[in-house]
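Based on the sequences and whatever the hints tell you, model everything.
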Amino acid sequence: MSSSYGPPEMMAVAMARLIRDGELVFVGVNSPLPLVAVSLARRLHAPSSTLLSIGGGINPTPNKLGPATSNARLSVGSASVFDNVDFYGLVARGGVDTTFLGLAQVDERARVNSSFIGERQRPAVRFPGGGGAAAILPLSRRVILWRASHSPRIFVKEVPFVTSAGNIDRIVTPLCIFRKEKGQLVLDSLHPYVTRERLVESTGFAIKNLDGAPLTPPPTEGELAELMRVDPEGVRRVEFPARELSAA
Amino acid sequence: MSSSYGPPEMMAVAMARLIRDGELVFVGVNSPLPLVAVSLARRLHAPSSTLLSIGGGINPTPNKLGPATSNARLSVGSASVFDNVDFYGLVARGGVDTTFLGLAQVDERARVNSSFIGERQRPAVRFPGGGGAAAILPLSRRVILWRASHSPRIFVKEVPFVTSAGNIDRIVTPLCIFRKEKGQLVLDSLHPYVTRERLVESTGFAIKNLDGAPLTPPPTEGELAELMRVDPEGVRRVEFPARELSAA
Amino acid sequence: MNKQLALEDAARLIRDGQVITIGGTLCQRVPAAFVREIARQGVRDLELVKPSPGYDIDLLAAAGCVRRIRSGIVSLEQPYGMAPNFRRAVEEGRLEVIENACPTIMASLQAASFGVPFQPVAGLEGSDIPKVSGFGKVADPFTGKEVYVVPAIRPDWAIIHVNEADVRGNARIYGSPVWDRLMSRAAQRCILTTEKILPTEHFAAQPELTIIPEVFVEAVVLARGGAWPTSSYPEYDVDDDGMWNYLERLRAPEGLARYLEESKSHDRSGIEVAA
Amino acid sequence: MNKQLALEDAARLIRDGQVITIGGTLCQRVPAAFVREIARQGVRDLELVKPSPGYDIDLLAAAGCVRRIRSGIVSLEQPYGMAPNFRRAVEEGRLEVIENACPTIMASLQAASFGVPFQPVAGLEGSDIPKVSGFGKVADPFTGKEVYVVPAIRPDWAIIHVNEADVRGNARIYGSPVWDRLMSRAAQRCILTTEKILPTEHFAAQPELTIIPEVFVEAVVLARGGAWPTSSYPEYDVDDDGMWNYLERLRAPEGLARYLEESKSHDRSGIEVAA
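Residue numbers (this note's numbering), protein chains in the order written: chain R, 1 to 248; chain S, 1001 to 1248; chain P, 2001 to 2275; chain A, 3001 to 3275.
Hints are supplied without guarantee of correctness; some may be wrong.
Calculated pairs, DSS-like style, for lysine-lysine (alpha carbon to alpha carbon, straight line, at most 25 Å) [said to hold, decoys possible]:
no., chain 1, residue 1, chain 2, residue 2
1, A, Lys3137, A, Lys3196
2, P, Lys2145, A, Lys3131
3, S, Lys1208, S, Lys1180
4, P, Lys2003, S, Lys1157
5, P, Lys2264, P, Lys2003
6, P, Lys2137, A, Lys3145
7, A, Lys3264, P, Lys2137
8, R, Lys157, R, Lys182
9, P, Lys2131, A, Lys3145
10, A, Lys3264, R, Lys157
11, A, Lys3137, P, Lys2145
12, A, Lys3145, P, Lys2145
Over 10 Å on every C-beta distance to chain R, these chain P residues come out as not near it, computed from the model [claimed, not checked]:
no., residue
13, Met2001
14, Ala2006
15, Gln2018
16, Phe2114
17, Gly2115
18, Val2116
19, Gly2126
20, Arg2154
21, Asp2166
22, Glu2214
23, Gly2242
Hint data in this document are derived by calculation from the structure and do not stem from the laboratory. All C-beta atoms, glycine included, are put in the ideal place defined by N, C-alpha and C.
Below is the structure:
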């Protein structure tokens, strides 16, 4: 792979490309990569998209991005304060085009578990919870999931608990992009630095369209240059364990 | 009757006396007399009562009162803007002690019609509507009704439509005060300048406790003096037809 | 995105048969210039959903623009009293009233704003309103207790008069917003008339004061004095002469047409002085 | 009425077994000094209702103050990741989670604020949450369409950190109020901790900025730096050293006691400088 980009850059660029011009895009809590991606898209192909930030802002213009996306500082420059109650109303009325959401586990039927594994009262593993995902996945016109990690414990054959399910369009990972087709995850593209063998080893279910999927176009010089301007401090890397930053 | 007061002064003072210190009292739209009454009570025996004004204020301190109680000007001096949605939430949660409400008609069972007479689709008489009364009467701990007019068409045996019913405590008119007892209106007191005969003629149902009811204590010098300070421009009179002001 | 339109153009967004809600209350901060323009354009068969209409429904009833109204109270308040043209239209069977309480309209708008089909409401015991207006009753699945519910009503438009807006549609209201915050969330889209158009930086400097954010807004109309003869706090109070003149004018045959003609240049002058 | 109390006295209002909601989100504008004082006083068996807790539930879980939580997401956000003491308490069976989505908590608080027993919520199709958390399903009486409903939850207390308050309890929040406006209306009463206590005239000068009016408030605590180590925009950001120190301290046995002791004078200093 090129020395000029790694998984954080590939993911940020891939997520940015999924944003369409003119859309209203929501970025929630705990979402550094989506924040970078939307900021990037708005400076590239989607200048007329609208960023709705959980920090309370509409198209804010903060001096710098930061890892905690619920931070009110990230909403500086917004002409209004858009609070959580307003957001959930808007998405419920069909007013949100695209939402980015994280996940703890997802299965081949595109069902997400961000809640727990094991007994509810004394779970073997407690996850953070899905936030608003259970409501948002059926309500946002389109949802893009991402996770800065890709392993058979994350991409599982069947989740033990369904926190959320719905209008998933794509899932972006350090290794690939999945799309949802007829209720199933299908490989959409493989990042240029990933072998099909590695993807298979890293995924807990049989991958559909493994051989047919193209490579994700690598970030262009222009995309990378703009990414450095949008995110000079490397917020895009905060979700990655140090080893994964170097191992890509 | 004394030359120093008439029905507007008697009503304003009688309504003020019904307010208890420490209460949270709501004054809605179209309510000049209640606005005067609460302002008066807060300067007399109920300095710790809280006025919640539909104009959006809590204990506002306007330079002068005015006839349109929905006017935002009447909320000047309030430290917050308390909007209609906030008010209906508060009353529904049991947070309002006393509410003043107007009426078009009321019957001997204390049921209020402020909607219409006749066929709904083409009524013989269209009234303004009850505002929030249908919700407020069962929810406010106590409701004081008032009407600056008293006739057999207003105080009827049975209303043709029940706009609202509920926690009515008193009804104050230019002639008397009714209270509600076991679901029936009962004469509480007769204003000093009114004969029992005149009250009977002016009321469309047989008056309970007609002979037993005392006279309303006339406004004291102190009450009248304070009333003039609270309402130097005579907002208390705006609801009265000119003839009733002089006829009392 | 610049959403500023002339009053006439913005009023053309309102089409026959639509459901509208109108900001302000009674004779306070009513988007009166816009209401008059709807009347001038002869829009028909509107349904007005508003807890407490006043000048707006009185004029629209006189002009025959509205077929049905859902409201809690209709009044011009003291010292003007009841809305006479509204009353006449209802008593003559030209305007249907779906009887509500202010908070049941509020609840219908809340349901719309939350994207749910109905909303429970507190109170109403003993009232005939639920029966004649078709409210439902639902047993609370958690306690079994019955509660009244009203259907979601999502107006096509919320028409709101504000003190300050930018051309994108961010807006401030000083004093009570009455129901306007909710209306702006319940309607499909908002049309703002505004006393002033100011740069976006003005709103960004204190975004907590922006009660209507740009994402809900379709059009912004500069309408200085646009609430006249109703009030726009703190700029101006109810115009007493203006109210009596309105009531007087409409008593005469052809009085409405004359009134609309006389107020036309006032109403349409805003756009010419836009920044 | 002067409602100002010292932190210790205000915290004594919280009694064992009560239901509380706490303002802010994750590591933003959490009333952290108050949360630590609850832990110092050893309150037990609380139920926390909050869409997105973070530092608050992590510390309260470590201190064993909370028996049950209803939440949508629990996190310290990046770069601190998941709340480790919360996670441990749940995995050890010491803390029950009633699984929710943020907007289902919102809806439960809305129902409480509207005085109705339940609230319909949009979405949730395909989720196991309604089943495990006992949500209901109700047929819309107007369309027959089924919709999920959640019960009203009325916390005994909303504990909210604000930027500015007066001693009566009028308060401003700069930046997003997150859920705090709703919380202040849903709870029986509010306790405010505030960066500054200012005269009532300050609030009356621009009452539209007052997000919590005095009538909802029981106590006001002057707590400069009271959100630390979480942020209080615009005064201070998340304290990175403070967060890592917190996480580090609580890894050791007796770490919590030491942490609470070390932060005590910081937390209780506010009252001494009160106006």
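Hints versus structure:
no., hint, result
1, Lys3137(A) x Lys3196(A), "violated (45 Å)"
2, Lys2145(P) x Lys3131(A), "holds (21 Å)"
3, Lys1208(S) x Lys1180(S), "holds (11 Å)"
4, Lys2003(P) x Lys1157(S), "violated (57 Å)"
5, Lys2264(P) x Lys2003(P), "holds (22 Å)"
6, Lys2137(P) x Lys3145(A), "holds (15 Å)"
7, Lys3264(A) x Lys2137(P), "violated (53 Å)"
8, Lys157(R) x Lys182(R), "holds (16 Å)"
9, Lys2131(P) x Lys3145(A), "holds (21 Å)"
10, Lys3264(A) x Lys157(R), "violated (49 Å)"
11, Lys3137(A) x Lys2145(P), "holds (15 Å)"
12, Lys3145(A) x Lys2145(P), "holds (21 Å)"
13, Met2001, "violated (8 Å)"
14, Ala2006, "holds (23 Å)"
15, Gln2018, "holds (17 Å)"
16, Phe2114, "violated (6 Å)"
17, Gly2115, "violated (3 Å)"
18, Val2116, "violated (7 Å)"
19, Gly2126, "holds (32 Å)"
20, Arg2154, "violated (8 Å)"
21, Asp2166, "violated (7 Å)"
22, Glu2214, "violated (7 Å)"
23, Gly2242, "holds (33 Å)"
In this structure, the hints that do not hold are numbers 1, 4, 7, 10, 13, 16, 17, 18, 20, 21 and 22, in rising order.
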